[in-house]
Every structure is written in structure tokens, then in C-alpha cells.
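Peer 1: Now for the letters of each chain:
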Amino acid sequence: MRFILNGAPAEVDAHPMKRLLDVLREDCGLTGTKEGCGEGECGACTVLIDGEPVVSCLVPFAQAREAEVVTIEGLGGEHPYQRAFAEFSGAQCGICTPGMILAAVALGPAPTLEEVRTGLAGNLCRCTGYEAIYRAIHSATA
Amino acid sequence: MRTATNPLDLRDPRTLDEALAILAEDGPRTPIAGCTDVFVNLHFGTTPARRFLNLWALDELRGITAGGTLRIGALTTYTQLIRSEAVNDWLPALVAASREVGGAQIQNRGTLAGNVANGSPAGDSLPVLAVADAVIVLRSASGERRVPITALYTGYRATVIRPDELIVAIEVPRVEGRQWFRKVGTRAAQAISKVVMAGVRGPEPRIAFGSVAATVVRAPATERVLAAGGSIDDARRALQSEIRPIDDVRSTAEYRLRVAGNLLRQWWVESA
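First to last, the protein sequences are chains Z and A.
Just so you know, the first sequence maps onto residues 1 to 142 in this note's numbering.
Just so you know, the second sequence maps onto residues 1 to 272 in this note's numbering.
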């Protein structure tokens, strides 16, 4: 099945009911996408589909057909949020970080604190208490 | 946790007619759209379903139109409801409910018809649809019928929807009066309700609750008290005798009964 993965055409032969999360990690070798709860509660597995954040643990691969999927690898490692999360300790254990960053990216340039709080409400973090994450996003967009 | 995919059988129609033909000719399948309920149950082993029908590609089931009624396509996501001018105009309580479903990720995939079909008594949109007298449009290969939301549920997660039918749209008439919605849960985002209420303060007050019975319920005795000019205390007493919440993992019957009464009063005060 064909889709666009991080800007490049991809063709993957996987079961249509396989979780997009597993296709990305196992078939595409992109392990930046993390599994947290596996039931859509924690947001760790967030990726962008056609620019919107979704939890890849709840997306059957069939629904990625012809779609544009962006994972944390698609940001290239030097995205301002990636640098800011490291600099401001927005990442500690790191499991929530790829999902946090992609959910923040989906908010567009310079989101307000309220937009960040709402936009990241579906992403749980057990380390930072969120304030460091908000500081990182704010600093990167200021 | 996940279920092995090998035994799973998915049909992937491109048109609604094709989807309905599959259901008519190939036997029952669980329809899937946003998968925010189905995939959770599948991977936690709480559904026996192995045959599925992917509706996600059926663009005919998308879109919102407002004419004599507000017609919301079955695949409309919560995000689309929140962004829709027509829904904000006709049914602001549905926008309020949609904002409290999951987080952005769930709002981007979860669909209104999915919430209806899943039939959880805790479904956030259902009390709003109940007070709005929403009509569920069902279609099969042999025709279309309309079922009021209050006649859709026959018991806990049980509906009158036949295995060969799909929800194609939800239709809502103009609602006269001020709409109100409140969900009580452990957290604003990503929480399933302990009690959820929608109300309409109009010539004929309308009240519906979720998470206080096996299905979403209107509170007709309570509505009658208020319509007849009774006090909110009388209405609250009527409510306490017409809902029968239970103890479960999310709350207790006692708490739910008390909070339902508190919500009723809060609605009455705030919508005055």
C-alpha cells in the first residue's frame, strides 16, 4: 500500500488492520514513534496524518492509504522544538517527547500558551510536570 | 498490547453503495471509522469482532449542511464539528461536548456516528443529541429509515440498527431555547464522564443525562415538573426518582445521583 512517509513516497506490504504504530516501527524501521498506553489515552504515539495529530495506535494501516504521514524522524533532528526540548529539559525520559513535539508542530507557528495547553491535552508526561515543555515551546517560537 | 492481525478480515469499499452491498451479501461486519473505540476494544481483547468494514474512504458520509434541518454526515469528526459555523450556530452544546472528547488526536479521528453507534451510556455527544431530538438516518441496500435518538437504544450498548445498516447522517431540527452542556469527569481532557448532562432552557425544558443508566436518557418527569412551573427543588426530587445510576469503576451510584441533581440546579441557575 502506498502513502507518503516524511515527504517521500513509501510502499509497504502490511496487513490493513495492523496498527499504523506497528507499521512505522516494524515495517518502516522508524522507532522514534513510541507506544505508551496503546489505547489512545497518552498521546506518545502521536504522528501527523495530512497535517493533523492522531494517535497511531488507533489508526489501522488501511486508513493511511494515500495519506501524508509525518513522524518525529520527519522533522530531521534540528527542528526548533527538538532543540528547545533538549535545552529546556522538556524531555526527560523521552517517551512522550516525539508525540509532544508533533502535537505542538500541528499548532502552527507561535501558538499561545492556552493553545498549547489545549493542543497538548491529549499528551501525557510523567516526568516534567508540563511546565518545562511549555517553556520549550514558548522559547522556540518567541 | 495488541491483537494478531492474521485472523482479521477487512473490506475496504470506495463508495457507500459498495459498502451497503457488502453488508447485504457478505454478512455482518463491524463498521470502522475513526477507530477510537473499536481499536481499543480489539487490542484489549474485549470484542469478539474479527470482520470489519472500513468506512473511512466514503467521502459521501462527510460534510455538514444546514437547511430545514442541520444534517451532519456520519463521518464528521469532533474537530470538524468544533470548526463548523453551522454547528456553532445550530447546536453550540455539541461543540462544547466535542471539545471535551479525548484530546486533539481523538477529536481528529473520532466521528459523531461512531459515538452514536458505539452506544456507550457515557458517550459525550449523546445527551446533546437527545435534548436536540436528533434523528439517526440509517441506510441499507434495501432503503433508508429515520430513528429518533431516544428510540435508538434498547439496552446497554444495544441499538435497533440492523447488521445490514449503516448510519449515514444525524439530522437535528432547530432547537428553541438556550443550550447547556456539562461533563463531570476526573480531568477535562482524556476522561470518560462520571455524569454528563445537556439541557435546553426553552418553552419546554429538555434534559438528558449520560452515565446514569444503561443508555443515554431524557428525564421526562423532571422536564414536566419544570414545564408546569415547578421549583428546581421539586425538579430535583423528580430527577432523583427517575434516574438509576450504578456503581462502577468510574464512580458510585450515590455520587452520580447527587452530582446529577447538582448539575440540574447549575443548569437552571446558569441558563436563567
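In short, the hints are calculated from the structure, not lab data.
There may be inaccurate statements among the hints.
[To be verified] Some but not every residue of chain Z turned toward chain A, in silico, with C-beta under 8 Å:
| hint | residue |
| --- | --- |
| 1 | 12 |
| 2 | 17 |
| 3 | 36 |
| 4 | 39 |
| 5 | 41 |
| 6 | 43 |
| 7 | 46 |
| 8 | 52 |
| 9 | 53 |
| 10 | 60 |
| 11 | 80 |
| 12 | 113 |
| 13 | 116 |
| 14 | 122 |
| 15 | 138 |
| 16 | 142 |
[What the hints assert, rightly or not] What follows is a list of derived Cβ distance ranges for each label pair:
| hint | chain 1 | residue 1 | chain 2 | residue 2 | range |
| --- | --- | --- | --- | --- | --- |
| 17 | A | 145 | Z | 83 | 52 to 62 Å |
| 18 | A | 25 | Z | 110 | 51 to 61 Å |
| 19 | A | 255 | Z | 8 | 30 to 40 Å |
The structure displayed is predicted, hence computed values, not measured ones.
Just so you know, even glycine gets a beta-carbon here, dropped at the ideal spot from N, CA and C.
Peer 1: Looking back at the numbered hints, which does the structure fail to meet, lowest number first?
Peer 2: When the structure is compared with the hints, numbers 1, 3, 11, 12, 13, 15, 16, 19 turn out to be violated.
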